[in-house]
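Asks: Let chain A serve as the given structure and place chain B on it in line with the hints.
These protein sequence lines map, in sequence, to chains A and B.
Residue numbering for the first sequence follows the numbering used here, beginning at 1 and increasing consecutively.
Residue numbering for the second sequence follows the numbering used here, beginning at 1 and increasing consecutively.
Source of the hints: derived by calculation from the structure; they are not laboratory data.
You may find that some hints are simply not true.
What the hints assert, rightly or not - To give an idea of the interface, some chain B residues facing chain A are shown, with a C-beta separation under 10 Å as derived from the structure:
hint, residue
1, P16
2, L60
3, L126
Predicted, not measured: the structure shown is a model, and the values here were computed from it.
Note that the Cβ used here is the ideal one computed from N, Cα and C, for glycine as well.
The primary structure of each chain is shown beneath.
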Amino acid sequence: MNEFRYERAADAAAATQLGAHPAAKYLGGGTNLVDLMRENLERPGVLVDVTGLSAAIEEQAGGGLLIGAAARNTAVAEHRAVRERYPVLSRAILNGASGQIRNMATVGGNVLQRTRCTYFYDDDGARCNKRTPGQGCDALGGFNRIHAILGASDHCVATHPSDMCVALVALDAVVHLDGPNGARALPLVDLHRLPGDTPNVETNLHPGELITAVELPALPLARQSTYRKVRDRASYAFALVSVAAAVDVADDGTVRDARIALGGVAHKPWRASKAEAALRGRPATAAHFRAAAEAELADARPLRDNGFKVELAKRTITAVLQELTGVDA
Amino acid sequence: MPIAVNGSPAALPDDPRVSLLDFLRERLRLTGTKKGCNQGACGACTVLVDGERILSCLALAVQYEGRAVTTIEGVGAPDALAPLQQAFVGCDGFQCGYCTPGQICSALGMAAEARRGVPSAVTANLTAAGVDFTPEEVRERMSGNLCRCGAYNGIVEALRETFAPEFEPGPAGGARTAGAGR
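Only chain A is shown next, with the shape it has when bound in the complex (with noise of 0.2 Å):
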């Protein structure tokens, strides 16, 4: 680990003028950045400890949460008003990493931990355009089972990790953001890019910019939402694919609105807008929801070993729309 210089903001003023540093880094609980920093792939001179910053989960004007970003993941999967009106960000926090870590890592820290790729975290023997831009990927032609399927790029197939993100997105949440340039806010979905030809460039913050909180907008049909995520073990593991999804069902049997999102095929949590499209207004059978799957997966462009991936969306999400609305098979 490389030697730096540690400061703890006691607010997010003192924060975004200790994060001016160009060599700065925010630090919330540590489950990944110092993870990476022992690894050699995170070196920053300054480290800013904004662990002390807001952790309140407040109920807003109309009808939504905010979430400070100093907020821990046990603190937000446990909140009431969490499980009772925005169950999915619950099951899909308490879906992640362990008892341990999600006592330890903050809102703002799982949004912007780094991809789990294995070759980006070989720094010895691995190729990776994300960890050392130009240099190619060793994942393309490699073993890469927990690879994208959609939205990769030749430059990059990795994939964000986060769960908790991908709950995040399919209930269009907006993250409050303060830098040298002031505050502004940001569709959660708009933060992480796609890898194009620039992987190493991971979200459109600004240099220095801070995330605050994070805004839960009201969503009445989000009381009707779970998280399902598939993987390799029962339980700490991360997703080979994972489906965040809310359906409001009319009483004639029609879908009248959707949220849908996948992890673990992406670059970014992946919001399916196609698939949400599929199922507006159409019947809420089975077949409309495969239907509105395949819409979603028919761009997918699997690898040499995630193939399988694709099928497993499709059934995912299929499934959980049926959990959701209680339509058999």
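Replies: Frame of chain A; chain B shown alone:
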């Protein structure tokens, strides 16, 4: 402000690179906390901070200034085992014993989470008042602690023996009634 480790104040390291794990083992010579993977994958380094379980390998010691850390040395002593430690012995819940300090600390933190009604990935009803302390719940909640010997059945049995009575419905089960108001 120092860190309180098992009730005794300890001065923070000067070098911010020192993990809480190395601080405990190398500086304070509290070697009960084990260094397994050193990357957050095995749970052998689990300690309690203000009663909550965390991974000390991914924690920088400087971040925990002013906090109260409990290690396995603060849970029980060889001649005065804590009830959970005694249950591990009785249920044959360890073989090599390397992961056991982490398992014990994790279980104490896990029980505290269950007492306040924190759901898990296998909890069917997210809005239920209390936690059903079933073997399935125990396995999911303890999944951050790996045991290479595969002593899991003994570990689950020890945890159930120690904590399950608290979670049973009725006057004897405190947690369900306590959790109902939250």
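Asks: Confirm or reject each hint.
Replies: The hints, checked one at a time:
| no. | hint | result |
| --- | --- | --- |
| 1 | P16 | 4 Å, holds |
| 2 | L60 | 6 Å, holds |
| 3 | L126 | 4 Å, holds |
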